[in-house]
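Asker: Kindly generate the complete structure, drawing on both the sequences and the hints.
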Amino acid sequence: MLLTAPIIISFLTAIACFLARHDRVAQRWLSLLGSIALLIASFLLAAEVIRHGPIAAAMGGWLPPFGIVLVADLFAVSMVVISAIIAVTTTIYSFGEVTDGEERFGFHTLLHSLLAGGCGAFLTGDIFNLYVWFEVMLIASFGLLILGGRKEQIDGAVKYVVLNLISTIAFLTGIGLIYGATGTLNMAELRDAIPAIENDTVVLTTAVIFLFGFGVKAALFPVFFWLPASYHTPAVVVSSLFTALMTKVGVYALIRFFTLMYDTQMPQMQTMLLIIAAFTMVVGVLGAAAQNSIRRILAFHSVSQIGYILLGLAIFTPLALVGAIFFIIHHIVVKANLFLVGGVMTRLTGSEDLAKIGGLWRRTPWLAVLFLLPALSLAGLPPFFGFWAKLVVIQASFEADAYLYGFIALFVGLLTMYSMSKIWMEGFWKAHPNPSGAAALSLSRNELALLVAPIVLLTVATTALGLFASPFFDIAVQAAAQLTETDAYVRAVLGTLP
Amino acid sequence: MTAVASTERPAASGAAERVWRLFPALLSASAFLWFLTFLPVIGAGEVVRVAWPWVPGMGIELSFLIDGLALVFALLITGIGALVLLYTASYFATHPGLWRLLILLGLFELSMLGVVLADNLILMFVFWELTTVTSFLLVGFDHEKADARAKALQALLVTLAGGLALLAGILLLGILTGTFEASALSAHSELIQDSGFYVVIVVLVLLGCFTKSAQFPFHFWLPNAMAAPTPVSAYLHSATMVKAGVYLMARLNPSLGGTDLWFWTLVLFGGVTAVLASVWALRQTDLKLALAYTTVMALGALTMMIGIGHDYALAAASAFLVVHALYKAALFLTIGILDKKAGTREVDQLGGLGRKMWATWLVAALAGLSMAGLPPFFGFISKELLYEAVVTAPAVPILVVVFAFSASAMMVAVAAAVAVKPFVGAPTKAAEKAGEPPFGMWIGPAILAGLGLVLGVLPAFTGSFFVLPTALSIAGQPVEAKVALWHGINLPLILSILTIATGVVIYLKLSAIRGALAGAEARGIWDAERGYDWSLANLKRFAAWQTDAIQTGRVTDYIFWTTASLGALLWWAIVAGGFIGVPALQALPLIEWAILGLIAFASIAVAVTHSRLIAIVGLGVVGIAIAGIFVLYGAIDVAMTQLLVETLFVVIVVVALLKLPRLRTAFAHWQKGPRWGHATLSAVVGAGVTVALLAVLETDLDRRITTFFEQESAPSAFGRNVVNVILVDFRALDTFGELAVVVIAALGAYALLRLKAERPEPKGDAR
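Which chain is which? The protein sequence lines are F and L, in order. Residue 327 in the numbering used here sits at position 327 of the first sequence, with consecutive numbering throughout. Residue 1404 in the numbering used here sits at position 404 of the second sequence, with consecutive numbering throughout.
Hints are supplied without guarantee of correctness; some may be wrong.
Using 30 Å as the maximum straight-line C-alpha spacing, the simulated DSS-like pairs for lysine-lysine come out as follows [said to hold, decoys possible]:
no.: 1; chain 1: F; residue 1: LYS422; chain 2: L; residue 2: LYS1540
no.: 2; chain 1: L; residue 1: LYS1433; chain 2: L; residue 2: LYS1145
no.: 3; chain 1: L; residue 1: LYS1756; chain 2: F; residue 2: LYS151
no.: 4; chain 1: L; residue 1: LYS1482; chain 2: L; residue 2: LYS1421
no.: 5; chain 1: F; residue 1: LYS151; chain 2: L; residue 2: LYS1659
no.: 6; chain 1: L; residue 1: LYS1509; chain 2: F; residue 2: LYS356
no.: 7; chain 1: L; residue 1: LYS1145; chain 2: F; residue 2: LYS422
no.: 8; chain 1: F; residue 1: LYS356; chain 2: L; residue 2: LYS1421
no.: 9; chain 1: L; residue 1: LYS1145; chain 2: L; residue 2: LYS1340
no.: 10; chain 1: L; residue 1: LYS1356; chain 2: L; residue 2: LYS1341
no.: 11; chain 1: L; residue 1: LYS1341; chain 2: L; residue 2: LYS1145
no.: 12; chain 1: L; residue 1: LYS1341; chain 2: L; residue 2: LYS1433
no.: 13; chain 1: L; residue 1: LYS1341; chain 2: L; residue 2: LYS1421
no.: 14; chain 1: L; residue 1: LYS1659; chain 2: L; residue 2: LYS1509
no.: 15; chain 1: L; residue 1: LYS1340; chain 2: L; residue 2: LYS1509
no.: 16; chain 1: L; residue 1: LYS1540; chain 2: F; residue 2: LYS356
no.: 17; chain 1: F; residue 1: LYS422; chain 2: F; residue 2: LYS356
no.: 18; chain 1: L; residue 1: LYS1356; chain 2: L; residue 2: LYS1509
no.: 19; chain 1: L; residue 1: LYS1540; chain 2: L; residue 2: LYS1341
no.: 20; chain 1: F; residue 1: LYS422; chain 2: F; residue 2: LYS151
no.: 21; chain 1: L; residue 1: LYS1356; chain 2: L; residue 2: LYS1433
Ranges between beta-carbon positions, derived for each pair [as the list claims (entries may be wrong)]:
no.: 22; chain 1: L; residue 1: ALA1537; chain 2: F; residue 2: ILE40; range: 36 to 46 Å
no.: 23; chain 1: F; residue 1: ILE8; chain 2: L; residue 2: THR1690; range: 36 to 46 Å
no.: 24; chain 1: L; residue 1: GLY1578; chain 2: F; residue 2: PRO222; range: 22 to 32 Å
no.: 25; chain 1: L; residue 1: LYS1756; chain 2: F; residue 2: GLY437; range: 47 to 57 Å
no.: 26; chain 1: F; residue 1: LEU404; chain 2: L; residue 2: GLY1343; range: 48 to 58 Å
no.: 27; chain 1: L; residue 1: ARG1754; chain 2: F; residue 2: ARG491; range: 44 to 54 Å
no.: 28; chain 1: F; residue 1: PRO222; chain 2: L; residue 2: ASP1348; range: 51 to 61 Å
no.: 29; chain 1: L; residue 1: GLU1712; chain 2: F; residue 2: LEU165; range: 26 to 36 Å
no.: 30; chain 1: F; residue 1: LEU165; chain 2: L; residue 2: ARG1703; range: 24 to 34 Å
For the chain F half of the interface with chain L, some residues (derived, Cβ under 10 Å), not all of them [said to hold, decoys possible]:
no.: 31; residue: PHE95
no.: 32; residue: LEU114
no.: 33; residue: ALA207
no.: 34; residue: LEU211
These are computed hints drawn from the structure, not numbers from a lab. In this text, a Cβ means the ideal position worked out from N, Cα and C, and glycines have one as well.
Answerer: Put into structure tokens, the structure is as follows:
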């Protein structure tokens, strides 16, 4: 059962890691094997979907709409594959960073539980089941946030969990309302059931409740507070994992709901989404420009990238959706990587505070290159993948006559470059304010290999995706086509079209 | 390139390494020779184009095209590149960053070649941005100086901003015409120029070109980029990269040019840039800066020529392009020699070097004569073409003649200041320790300066192989222009003689002029850089203000605004959905009114109280009252669950209360008095949800699934308790997930309680 494999593998790995928690070596091997197994399973699933189009499976044999279905279309499997890649990089990097105590107290179990929740959220075809996976992710991420027990972490975690609970409650309320109005929780059925609702208020209120619920998860303006409050507090590898997965699940749900079930083309809805996207892009990047420590810059900047993705969704042409998908993949690969690089920078200089670090261009030019390439990609500079993501979104906005938003997106790219240049100039170019102190900080060969291998992997990925963009563009076009032409999805779930 | 790892080793590390460091120059020279083989084909007026698919789905090809314009640029890039790389290997012979420099220069050379060879404009843009990035890294080569960093950032931001405008322009062109190939665009020139987008496209494209090629008012970054090492300035910021903007204007001239808008914009911006830059070149006492301003002047003149756009103007642009690259790179490299050997670039501290450095003087003199435009140098031919072009300009010839004449005259003076002043007169203190440079540093500028003479005495060769094919590419059609040393006694020749005479006069009065200009500078004339500083400073200020305002660090603020967003969205949806009708509620029995009253009372108590205990109890009352409603409607199992949860909640929170500090003592910002704002917000959101619920209740309830569960639970799932069957069978996956949540929560709580912090606590405020 290929569709359940990602979820089952992750949960099994979580359990195995828990049982092996007193044996550090065994636990690490299990964790790594689990991530690799997840990667293989996700590739197999992706191959299946590429070959056959969307596929679905009814859990427990209860056919839809009565039971729960899992569904995989190209968009969903892309998310699963990229999550699995991040699982591998996270696992390897964690060996070089996470402490013995954190491993004994469940780091790997929490990591794989989070992955299970993520895969479940990407693959489910049932809105209440989606809520359940959101909860799994929320609680596992909370565990990862507080693991280590520093005051700063707990402060961040409280803000994180309180605000996310508000979103979850809203989401649950929305589910209740829409179930009351349509009598079904199955997404494929809801495609036809929601437009059939005669009362516009029901459609619009549930739409905005879902927009709010997922918007908080995705860290849209003006409900992104939890992200800059928490992302810089846990272990670096956790920041990297969160930036790759947490907001993306929110964005994924937004795209799923507003392509399959709700119509973004309702004129007021589209205008609102465009405005939210613009503010998210601008406020996020300005927030990054105002920060002075590595992870705070990177975290705040994530907000602005979500704006680009929402812009793609709001414009809603096939090309714009390609842009949104590109941007999701791009941001996961690049931002997760930059967090990891930031972690190595901190280890080599003794601080994340830009005022207290420096000298890395001279000392470790290889690290400078490994920072520079993803940073350029992040700013949308060619020939990296970020360039294509930006290009597609902007071209789509121009083609849709949304010129203002295209120009905002361009301008935000410039400000992104500015925020990245802060890290470059302070961390790499400037001399270290305390050179002798910094020279004492070094990493063992082993640690270095574990920390740098995932960075190299992700850097190669963003460069290769940029240089050989064509096959990925074609896949994204198909994925976008499946999002706009939903018949194949519905047929896979229900067997027939209603 | 294993060199990345070895950059920190001292550069002088053995004979093998000393040979290897010449390798980049050799590579570049081979490329130069390869491009030379295209001369006969291109001289015959043909073009060579190759293309491979890249992202066909977006209409983007890896397409390259060599025509006259591209070939001239390619030869300049590879030829000057080879000599600069050679020079660098000698100039930085003992510098630990030598390999880093060579690699960056090599990367830049490849990117720059890409710009001029790419036919697809998106591909061209890819290389364009790469030149921006490599330029940034090269300007900041001396990266431990804050000043070098700031100037590198300035060059980066100014050119990137222009680059983004350019990208927008290219996208609009592509959307309008359906192609990104520059060679195919000219066929659509009517479509482009008649469309409503023409003005926007021109503005966007020119923003890109003007920033890259340092046109007024974006010129300021270029002199600042002189923070880079001298070979870098010679190569990027004089001979090649800064001409990328000029190149693109030339490349797009057949598609965008020929209109009044094109003419006036290019002529005015180019002319003003040329004149102002030459004035400012006179002001400089640092010879490198003086040369930097003359580069700005040259770029302005080239822009003006493309704007004028008739045959002679384009021929003049083509000739000036080559001649400027040759003499300017030679002079920059010579300044580098002076800097290295005499220890200064300040004009006042240099003098009398001629005797000790006659070979260097020879180079400077050859290049300077070409720059001043004396016969038989190529510079003379180029200036004759320039004057021929301006006196025949289709509009405002007087104005462009004034632009061209004053700029050229001042060039003569600067040429003299660079090529004459340091070598004559009484030897200064700096001259005492001076001496000839090593061969590797001398040969590059010598070849470049010599070429200025060779190309000058072979005007027929130069004309048919370089000038006319280039002009053809810019015009998009064959160009008629006479390239020769002697045109007879005509207006251009008279202008030339006057230019030199005026230039000499200016040179003789240079110190007085400098003094006057220094006064003007102090009063802040045409200080466009201030615009950049102002924007950057205000951007930072605004970003900081905005972030402080939004990310206050107080979770109560976050909750308030998050909830307020929900309320705003809900009411917007209710108004937009047009649901106003209040449903006819059935008459409620007294008991329900009582429960409602209890809920209302408890809610108000929560909002107004200062006591945590009362707030908790209030919430508990609300929960129990809701359980009461469940009981009334027959949902006994739900009511029981609710009661259990509420009881546990109150008990646990009250236990936790014992450990918590008093509100007002713990939180300085704790608001006194009832929190009416919070209460109102809660009421607004609650009312919104209620209205949404009422709207849902108006629709017919679809009981398909409920019916199925009731019917099938016993026969198919073998369970009589429907709720149980739903939990463990129909929707078992949900239950599985929720169980996982409970287990993970326990795990997290255990870690929180038992795991002591193993990492240092960072300082700083929590946001």
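Asker: State for each hint whether it applies.
Answerer: Status of each hint after checking the structure:
1. Restraint check: the Cα-Cα separation between F/LYS422 and L/LYS1540 comes to about 12 Å, which is no more than 30 Å; the hinted pair holds.
2. For the proposed pair L/LYS1433 and L/LYS1145, the alpha carbon gap of about 27 Å is at most 30 Å, so the pair holds.
3. The straight-line distance between the Cα atoms of L/LYS1756 and F/LYS151 is roughly 11 Å, inside the 30 Å bound, and the hint therefore holds.
4. With a C-alpha separation of about 35 Å, the suggested pairing of L/LYS1482 with L/LYS1421 is violated against the 30 Å cut-off.
5. Under the criterion of a C-alpha separation no larger than 30 Å, the hint pairing F/LYS151 with L/LYS1659 is consistent with the structure, at around 17 Å.
6. For a cut-off of 30 Å, the pair hint linking L/LYS1509 to F/LYS356 is broken: about 51 Å separates their Cα positions.
7. Proximity of L/LYS1145 to F/LYS422 is assessed by CA-CA distance (about 15 Å); at most 30 Å being required, the pair is judged to hold.
8. With a C-alpha separation of about 47 Å, the suggested pairing of F/LYS356 with L/LYS1421 is violated against the 30 Å cut-off.
9. For the hint linking L/LYS1145 to L/LYS1340, the alpha-carbon distance of about 20 Å falls within 30 Å, and the restraint holds.
10. With a CA separation close to 11 Å, the supplied pair L/LYS1356 and L/LYS1341 stays within the 30 Å bound.
11. A distance of roughly 23 Å separates the Cα atoms of L/LYS1341 and L/LYS1145; the hinted pair therefore holds under the 30 Å criterion.
12. Proposed proximity of L/LYS1341 and L/LYS1433 is supported: the alpha carbons are some 7 Å apart, at most 30 Å.
13. Between L/LYS1341 and L/LYS1421 the alpha-carbon distance is near 16 Å, which keeps this suggested pair within the 30 Å criterion.
14. Restraint check: the Cα-Cα separation between L/LYS1659 and L/LYS1509 comes to about 85 Å, which exceeds 30 Å; the hinted pair is violated.
15. The hinted pair formed by L/LYS1340 and L/LYS1509 meets the criterion: a straight-line CA distance of about 29 Å does not exceed 30 Å.
16. Taking the CA atoms of L/LYS1540 and F/LYS356, the gap is near 20 Å; set against the 30 Å cutoff, the hint holds.
17. Using a Cα cut-off of 30 Å, the hinted pair F/LYS422 and F/LYS356 holds, with the two alpha carbons roughly 13 Å apart.
18. About 27 Å separates the Cα atoms of L/LYS1356 and L/LYS1509, which keeps this hinted pair within 30 Å; it holds.
19. Proposed proximity of L/LYS1540 and L/LYS1341 is contradicted: the alpha carbons are some 43 Å apart, above 30 Å.
20. Under the criterion of a C-alpha separation no larger than 30 Å, the hint pairing F/LYS422 with F/LYS151 is consistent with the structure, at around 28 Å.
21. The hinted pair formed by L/LYS1356 and L/LYS1433 meets the criterion: a straight-line CA distance of about 9 Å does not exceed 30 Å.
22. For the pair L/ALA1537 and F/ILE40, the beta carbons lie near 53 Å from each other, so the given range of 36 to 46 Å is not met.
23. In this structure the hint that F/ILE8 and L/THR1690 lie 36 to 46 Å apart at CB holds, the actual value being about 42 Å.
24. Separated by about 26 Å at the C-beta atoms, L/GLY1578 and F/PRO222 satisfy the suggested range of 22 to 32 Å.
25. Checked against the hint of 47 to 57 Å, the pair L/LYS1756 and F/GLY437 fails, with Cβ atoms roughly 26 Å apart.
26. At roughly 55 Å, the beta carbons of F/LEU404 and L/GLY1343 sit within the given window of 48 to 58 Å.
27. One distance hint, 44 to 54 Å for the beta-carbon pair L/ARG1754 and F/ARG491, holds here, with the actual separation near 52 Å.
28. Evaluation of the 51 to 61 Å hint for F/PRO222 and L/ASP1348 yields a pass: the beta carbon distance comes to about 60 Å.
29. Against the hinted window of 26 to 36 Å, the Cβ-Cβ separation of L/GLU1712 and F/LEU165 comes to about 35 Å, which satisfies the hint.
30. F/LEU165 and L/ARG1703 have their C-beta atoms about 31 Å apart, which keeps the hinted 24 to 34 Å range intact.
31. Below 10 Å, beta-carbon pairs count as interface contacts, and F/PHE95 has none with chain L, the closest being about 16 Å; its hint is therefore violated.
32. With its C-beta approaching chain L no nearer than about 9 Å, F/LEU114 sits inside the 10 Å limit, and its interface hint holds.
33. Look at F/ALA207: its Cβ gets to within about 7 Å of chain L, closer than 10 Å, so that hint holds up.
34. Interface restraint check for F/LEU211: the shortest CB-CB distance to chain L comes to about 7 Å, inside 10 Å, so the restraint holds.
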